[in-house]
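Take the sequences, apply the hints, and build the full model.
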Amino acid sequence: METAQEHAKPMKQKSLFLSIVAAAGLCGLAVPALVRAQSPLDVVNEYLDLVASGNYESATERWLPACRERSGRFGIEYPGVPIRPDATSPMVLKAEKLSSYTTNPVMNVQNMGTDGRFVRMRYTSTSQGDVLQQSYVVVNERGWYWLCYPQDAFASSWKVRESKFFRVHIHPDVASLVSEASFDQIDGFVEAVADTLGLTKADLAELAAKKIEFFYCDRDSTVMEITGQLTKGLLDLASNDIISANFPHHHEVVHLLANIKMKTVPIYTLPLLREGLAVRFGGRWGKGPATLMDLGTFLHRDTLVTLDSMLSQRGFESGSEVDLAYPVAGVVVSFLWDRLGRQKFWTLYQSFSSRQEVITKLRPTDIQASLVAGAGAKDWAAFRRDFDVYAQNRLAKSAVSVAGAAKAGKTLYANGLATVALDGDWISFTVMADSTGAPRASFLMYKTPKFGTARSLLFDEQFQGTVPFEGYRLGVRVDQNEAGVYDYAGNSLVGKFILSINGTEGYFDSTQNVVTVRFRRSLFGKTTPASGDITMVPY
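With the numbering used here applied, the sequence shown covers 1 to 539.
These are computed hints drawn from the structure, not numbers from a lab. Each statement offered as a hint is correct.
Straight-line Cα separation of at most 30 Å, DSS-like style, residue types lysine-lysine; simulated pairs:
1. Lys263 with Lys164
2. Lys447 with Lys232
3. Lys526 with Lys410
Quick look at the structure:
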């Protein structure tokens, strides 16, 4: 717990108090305890006064010790950010523009949680022509008021479960969706991606010892209430916490692992590289990396998204095209990663990281020049040609799905309507028309007791109660128009065949009313499914 001196009121009061302490000490008198902060408002007012005066050390001490620990848990440092627990606040990032006294500072006050300990206030400053706004949450902890994170208030009564690398705070409405199977999935993902990104054994040991805080929300609107952003989920850079309505959320995990890998990195990175990296290794929107890489290659090939238009932050985030930019960015990062190698890629990544105002003002021509230099290309035209060839080869050689059945494969499963066969690096599915007159079926694989009584959100969405969930790890769904491989523990689409992207030849035989499609064997894990691992159910 902080000493009374550390919790002093405004700076003038603190100086006066210290003078009294000194005088009392000289006279041999007992020093009375300093009166505690009278209200949450006092705490935030004092905090902003300290920020404005440049007394960052004292300002940092106004944060709850547990929050300070979380902000520094993995040794991630943001150069130029003076108060790590408040790293993303404009009040801190533009501290030099804060006046000593803000204009109409409190916009609203909101009680949070169920026990009356948390209060949220939104502050604004109109100093020096800038309008700076930030919400702050204050908690009463054993009679002291401290700054803390909003997720602590929202999740104060949520149950907590731990895995090897995660401490998951679970909203009551989604508690039945968390299982040992989902923990195995996300822990395995961390180990695999950490190795790829270049994290050390010491990094993984620290992750296992200290845990990643994951706040699993019931819906997107709860994420917005906590973070102020309408999104499926995000990595809170100030706390290192992941706040999401999807568990596990691989995309945000990659963001955190990237920062742990670099340790010291400016807080803002060009979206092309930042989001492209998270797509390349973590996917997005409940779609795995392989699925989005295939989509990104198609979008680039058919010029539905042009590389030049998405280079800058403004171009990347413009309007309705932003969702299309993510998959293409994943392909760009894959190209750079394969071309440069891991170490040189991280150097390039760092070169595109800086203060927000710097990243925002980067022009496409500046970005082109840096990419050309980083990739060792002759000029931008040569870079584009190399990227076009890479994307074309990737579509031909690395796509995770193709039309057509195995030619000389080993049968893994068969019944009157369907056959599953192994053909080298591929597992093929042949589905004939069912009682509806259409070729469609669902295959459920690898039943495991690790789900226990838990459900799978993705399975529930697909079957809507028509098929009972009995702990299946994977599923394959095939119909006349598309086919997909689904991970029910990771709640993600790991492989997809879509006629408009992959082509029609060999997929649907209208004469025989049969669909044939193949998926990469690697999508199904290290063990090839045997007949007893596969169950076919109605689509």
